[in-house]
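2 protein chains.
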Amino acid sequence: MGGDLSPDSEINGAIEALQEKNEFLEVTLVGKKEILQEKLNIINSSFKNELKIVNASQVVDMNDSPTESYKNKPDSSLNVAIELEKQNSVDAIVSTGNTGANLASSMFKLGRLNGVSRPTIGSYLPTVKGNTFIIDVGASVDCKPKHLFEYAVMGSVFVKHMLGKDNPSVGLLNVGEEKLKGNELSIKAYDLLENSKLNFIGNIEGRDILKGTADIVICDGFVGNVVLKFAESIIDLLRSKLRKHSEKSIFHKVWVGLMSRTLKKILKDFDYQNHGGVPLLGINGVSIVGHGKSSALAVKNMIYRAEEMVRKNINQKIVFDLKEYLIT
Amino acid sequence: MGGDLSPDSEINGAIEALQEKNEFLEVTLVGKKEILQEKLNIINSSFKNELKIVNASQVVDMNDSPTESYKNKPDSSLNVAIELEKQNSVDAIVSTGNTGANLASSMFKLGRLNGVSRPTIGSYLPTVKGNTFIIDVGASVDCKPKHLFEYAVMGSVFVKHMLGKDNPSVGLLNVGEEKLKGNELSIKAYDLLENSKLNFIGNIEGRDILKGTADIVICDGFVGNVVLKFAESIIDLLRSKLRKHSEKSIFHKVWVGLMSRTLKKILKDFDYQNHGGVPLLGINGVSIVGHGKSSALAVKNMIYRAEEMVRKNINQKIVFDLKEYLIT
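Protein chains in written order, with this note's numbering: chain X, 1 to 328; chain R, 1 to 328.
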């Protein structure tokens with residue numbers, strides 16, 4: 001219920017998911033029952049009858065503080081959904097609401113995976129060679145070296161099994177390529193990564209991200225958050241520059257209109273709707289979080305991602321690799 | 001001598017600068033005398049006779065360590081030039097070589113301005129509202145709150161007097177807008193900035209940079225370095241995506257060719273050649289550093305910038321405002 005377009009995107013995305021992939025998939029909508037029922041009543045699809053509904057009387061807003069929403073909104077759609085997962089009534093949850101609240105409640109209710117000190121959120125960035133995975137993008141803004149190591153393991157498992165890249169390369173985001181470059185955190189993290197069984201390719205710089213130099217970009221959540229949000233805003237800058245250009249004359253307007261179509265095609269990787277959300281990694285459960293403005297298409301893709309993570313036992317693989325990859 | 005296109009860009013840039021603005025401008029070339037003389041011999045411009053040459057037998061490479069190049073290459077073009085500034089033989093220096101070495105040698109030889117704990121490097125980023133100034137972009141990767149405050153003051157003086165923006169706004173780069181968001185550094189820096197006479201507009205996020213929300217973006221050098229290099233690589237991503245698109249057919253090729261011309265015009269702010277380098281701020285002297293691949297045009301603009309910084313007494317204004325702006 002807490003996303004910008006909730007619950008419409010959720011309802012429509014769930015129905016689309018069932019339509020295309022209903023064999024083993026069961027979807028439960030968690031939220032204010034009357035509202036959900038009312039919305040479902042006007043939908044013309046037989047698949048709506050397959051949706052279960054669990055009532056939740058509260059809603060976590062985008063501005064709610066993570067720990068407070070956990071304490072003060074126990075009957076929110078978010079907390080009820082996570083509780084369902086805790087009780088094994090569902091295998092995974094999907095949400096377009098407050099990510100910080102989601103992470104906090106997931107940690108409190110589900111706990112962390114064995115060997116994980118800090119759960120994390122990774123995300124996709126388009127590069128000249130396809131998508132790269134950047135982790136952490138904001139779960140922890142004051143990281144220790146071992147957290148970065150754990151991110152690298154979790155990212156490697158996710159990219160290998162979910163994105164299908166064998167032996168994915170891990171780059172440490174830094175201000176220079178040499179081993180001793182950077183701040184205290186990156187210098188110590190370099191050591192840990194170098195002495196692991198990960199496919200560590202060393203430091204990479206800001207300019208290497210979009211080149212696709214590394215399949216996985218490791219960084220502190222402060223840096224990752226700034227980079228991700230900066231990247232997401234590039235399209236807006238381009239759009240604004242094009243609009244200004246188009247205002248010069250009717251000819252410019254037509255020309256920009258034609259260009260925009262090609263640019264949209266070329267830059268479609270920058271459209272988060274296609275990714276289907278990103279995983280919370282390191283919690284003892286499966287959780288996919290989406291952009292606040294996720295469309296039904298995005299929600300459908302998020303449901304597929306969640307199902308895939310469960311089916312592929314990603315969490316079990318993370319626990320195994322965390323023990324396996326560290327050389328001490 | 002240490003830039004990727006040195007000394008050609010330097011010689012041609014210097015001559016162009018004298019041609020256009022020779023009234024009060026004197027330019028001294030510092031480097032291997034024979035090489036410089038040889039290059040000058042084949043140049044057909046009377047302005048070449050106005051150039052002075054000071055010999056320097058060594059060259060600092062891009063890979064030289066900052067402190068070692070200071071100790072082991074005292075007769076490098078970089079160190080000789082800074083020595084000339086120390087002795088007041090020149091008022092400012094301009095370099096396209098190793099920035100770290102430049103910063104270190106400048107600190108050792110010229111010292112810091114009164115009230116400055118850490119010299120810094122700021123840079124330009126294009127936004128929908130014109131350029132914004134991001135500071136620090138790599139001089140210090142482990143900052144304390146007071147360093148960020150000093151960056152804000154130095155950035156404000158530079159943007160006000162050099163870029164002509166009255167009462168420029170200062171934003172603190174962070175992972176959220178609320179006062180208590182972020183890491184330890186940003187939370188404490190927020191306090192200092194809020195209690196100063198600066199035009200502090202609070203926290204800004206990665207997505208706000210290109211919107212031009214703040215005239216000056218304050219951050220730790222680690223974050224700023226990553227963001228700047230990431231931003232510089234966007235054009236390359238776009239170019240690569242366009243190239244791939246153009247390879248589909250001859251029609252696509254022609255179409256992309258036409259688009260590229262417009263895009264180049266629209267995105268010209270992303271071309272660092274136009275900025276004329278960025279200042280080292282906080283050292284007791286004037287120093288403009290340029291991209292390693294700076295063209296003659298870029299060097300010319302760097303020389304203008306250096307001259308302007310001297311003429312406008314930027315350093316004196318920084319010392320004054322550092323005392324004036326802090327409310328304790």
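In short, the hints are calculated from the structure, not lab data. Every value quoted in this text rests on a predicted model; they were computed, and no experiment measured them. Some hints could be false.
Copies of the same chain are indistinguishable here, so a pair counts whether it falls within one copy or spans any two.
To be verified - With a straight-line cut-off of 30 Å between C-alpha atoms, the simulated DSS-like cross-links for lysine-lysine are: (1) K109 to K181; (2) K109 to K265; (3) K265 to K323; (4) K179 to K109.
Now the hints, each set against the structure:
1. K109 to K181: The answer is between: 24 Å across copies meets 30 Å, while 39 Å in one copy does not.
2. K109 to K265: Answer is neither; intra-copy 42 Å and inter-copy 54 Å both fail.
3. K265 to K323: Neither way: K265 and K323 sit 43 Å apart in one copy and 53 Å across, limit 30 Å.
4. K179 to K109: Only across copies: K179 and K109 sit 28 Å apart there, 40 Å inside one copy, limit 30 Å.
Taken one by one, the earlier hints fail for this structure at numbers 2, 3, listed in ascending order.
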